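Asker: Could you slot chain B onto chain A? The hints should help.
Letter by letter, the chains look like this.
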Amino acid sequence: MTAYILGRLASVVPVLLGVSLLVSSMIYFLPGDPVQSMLSEMSGTASARITPEQIESLRHELGLDEPFLIHYAKFVGRAVQGDLGRSYQSRRNVIDAIMEQLPATVQLTFAGLGIAIVVGVGLGILAALKPNSFSDNLSMFFALAGVSMPEFWLGLLLIFTFSFSLGWFPATGQGGIERLILPAFALGIRAAATIARLTRASMLEILNQDFIVTARAKGLSNRVVIVRHALKNALIPVVTIVGLQFGNLIAGAVIVETVFARQGIGQLAVNAIRSKDFPMIQGTILFAATAYVLTNLLVDIAYAWLDPRIRYGRS
Amino acid sequence: MTPARDPRTLSRRGFLRLASIGIGAAAASSLLAACAPAASPAAPAAPAKPADSKPAAPAAGAVTSAPAPAAPAASGSPVKGGTLTVGIYQEPPNLDPHVSGSSTAGRVMRHIFDPLVYQPEPGKFEPGLATSWESAEDGKSWTLKLRQGVQFHDGTPFNAQAVKFTFDRIVDPKTKSLTAIGLLGPYDSTEVVDDSTVKVNFKRPFVIFLNNIATPNLSPASPTAVAKFGEDFGRNPVGTGPFKFKEWVAASHFTVVRNDEYNWAPPMHGRNGPAHLDAVQFKFLIEQATRTGALQKGEVMMIDQTPDQDVAAIKQDAKYRVDTLEQSGSPQVLPLHASRAPTDDLGVRQALLYALDLKAMTNVVFAGVRPPSYGPLTPNTWSYWKGCEELYPYSRDKAREVLDAAGWKMNPQTQIREKDGKPLSLRYVTTDESGNKRPAEFAQAAWKQAGFDINLEAMAYDATAPIMARGEHNIARIGYTGTDPEFMYTLYHSDNIAGSNFNRTMTKYPELDKTIEDMNAEQDRAKRQGLSEQAQKFIMDQALIVPLYVIVFAYSVSTAVQDVKYDLAASPHYFNIWLKS
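Heads up: the protein sequence lines correspond to chains A and B, in order. Reminder that position 120 of the first sequence reads as 120 in the numbering used here, one-by-one numbering, no gaps. Each position in the second sequence, counted from 1, maps to that position plus 1000 in the numbering used here.
One chain only, chain A, in its complex shape:
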């Protein structure tokens, strides 16, 4: 197990290096002069009066007056020490700004994940118990609708229905469970749909296996057969997909936070992109990518732990 974990850990390093390479090179390979466009964007009305000194100072601050490889090496060197630079506009430390927004995003992501698992697994089981029944069709219709709806649209739909029309929930901002429910649903439904489909397929497969027949033949109650025998085995692929969905949830949070005007890294990133705040854009992307990679790492490890065939099969 230890060897397996170490191997997986080692494979994360090149991925993170690749991400940081992309992130730090984007400013080099963008069309046009990013420094000029940053300054034009930031200085608004007086943009034509940008002085050469301003351009030079920003170029220096961003490290663009150096060859790319040196720039990249310094970027990585600072990043591993937790320094992602300073936003040129807000003068804030990028890491501080991200850390400040992290709790809100974590809260939303986990709430979304909770809804995804509960709704997804629940519907999946429901559908698998009576294949091709009305409840199965309804569940799978929901799953199809869920994967087809982008978070953006679903979020607006939820706001319009439950907030503006019915008035059950506040539409925007954070604080209190009532402000978390709609965004968490908007975020979680898509993942729930995927999980439901997979749970159903996995359950159906297990339910047709001999040991289930044996269990039933032994006279075990339906509940025991489903929960203790079938679900336990059906869950293994679900764990993987949950992990993968977690990464998607981080991405979806960006959208959902914007739609619901919630605090979070997503708002930070969208604002940074709109105002061409490169250090902040780089910081948020790198952060999200790292979170994604680390989550997948955890899933891999959990998977190996849950299903011994994985780790033994490797060696």
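Fair warning: there could be bad hints in the mix.
[What the hints assert, rightly or not] To be clear about the criterion: a stretch of chain A counts as covered by chain B if any three or more of its residues have a C-beta under 8 Å from a C-beta of chain B, and this derived list gives those stretches:
hint, segment
1, 82-96
2, 157-169
3, 251-261
Since the hints were derived computationally from the structure, they do not count as laboratory data. Keep in mind the model is a prediction, meaning the values are calculated, not measured. We put the beta carbon where it would ideally sit given N, CA and C, even for glycine.
Answerer: Here is chain B on its own, set in the frame of chain A:
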């Protein structure tokens, strides 16, 4: 691997068992709960805003559904207190007026920092922190008399030292000023004549100094607070304005509260003393639909940047009114590359102007919210030349006539005009924002009718910039905010073809260069106005641009919000606003 088992560590099998039971139970209960979703959320409905809970509003709403100024007088006398909530479309990076370049920040900083002078209408100035001003004979220095008895929010006295500190800070490279440094122009130094008098020196005559100190960006900041907060001053701004900065919750909102010491309001407000409101809270509502919805839900009382398509619906609702403010400066215009074929041909450029029905365009594309424009300046910019409105009346026949006369003959097979075997093909480069792309599509179709072949490329701004800088376009785009026609230097002087590339006509006209230079050096206002009009006329006679529309800032406001007036930068004056309960 795990022969001996510690009962406290969770085993693989144990986890699976726990997980399956837990999830199974949770899933079951959630399915049950889903049947009765009405139960829990009943509570949050309680804190409804007075804005929409009062059915009394409609009566007043009927009066106020007309544009802004009509409302206030009829609505009774101001009430003190209350918090105004405003939904804004952006979170500004920073509230340091000397650093920030954001116009959204400007609309907030305006109320935390007092400017030295106010500009209530284009070209008219009245005292702010400076009570009087005088330009030297040579225009190279300005003497300002400062108001006495004013203090910053932190108690620091406002005086000549603070003004000198402010200007010197702006030009200090360490400040990394974005906008303010440009607004200070050829700044040289500030002399403290006495405690309430400063003399500001410039390297060259600087005629638009008053115009520029009327912006929030050149407002004096507390030297004590700047020293205390350093780079974080932008998140802890301290000025002399009617509102004090209270808190900034990143990615959520910031709040300003009334400055009870405030006793130096400009004459245009018609009263003195502190503001009526206890506080103003600015919420960052980036997404358009959310912003409109938050207003309708009563979560905010006022929003900026109302989407064009929502304006009509909100106006219909008696609980709100929509204040549309035209942005001064340059309208959105399409500069034509006047030295690249085929737009090097005056006839071609003029035909583009004749062939586009701007009224139809603004009605179709912007639901009539943004008015059409006809020249290089918007009508509310000082020295606007009205003559441009009659120059190129919409006429498809006239467009055909001009093209025929210029030798561009219609090829009946392609339906594209040709001259010397070359088709009338134009490259139109614009951004993919809807404010640029949609009018472009309309224009493309209109010009096709006249025999143009328009290759429209709508892409991200960063992708358009290098194309325009290299001059590989026939039709480009630009817009510009300003209150003085001085900005024509930026958009039409040959100095700005290379470098900033804000002059996208890409062509040097010595006569136009000289007119603009003279205008920007002229101290006599009447003469200056004449020069400005002359420049506008030249630009339109040469058909260097196709003006499209005036950028509009549309605020939607609950009728509970009273006495809303706006400054030239489309910022509401929160000082006089009060809330009707």
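Asker: Does each hint hold? Answer for all of them.
Answerer: Hints and how they fare:
With 6 residues having a beta carbon nearer than 8 Å to a beta carbon of chain B, the segment 82-96 of chain A meets the requirement of three or more and the stated coverage holds. Using a Cβ-Cβ cut-off of 8 Å, 8 residues of the segment 157-169 of chain A lie near chain B, which meets the minimum of three, so the contact claim holds. Against chain B, the segment 251-261 of chain A contributes 5 residues with a C-beta closer than 8 Å to a partner C-beta. That satisfies the three-residue criterion, and the hint holds.
No hint from the list above goes unmet by this structure.
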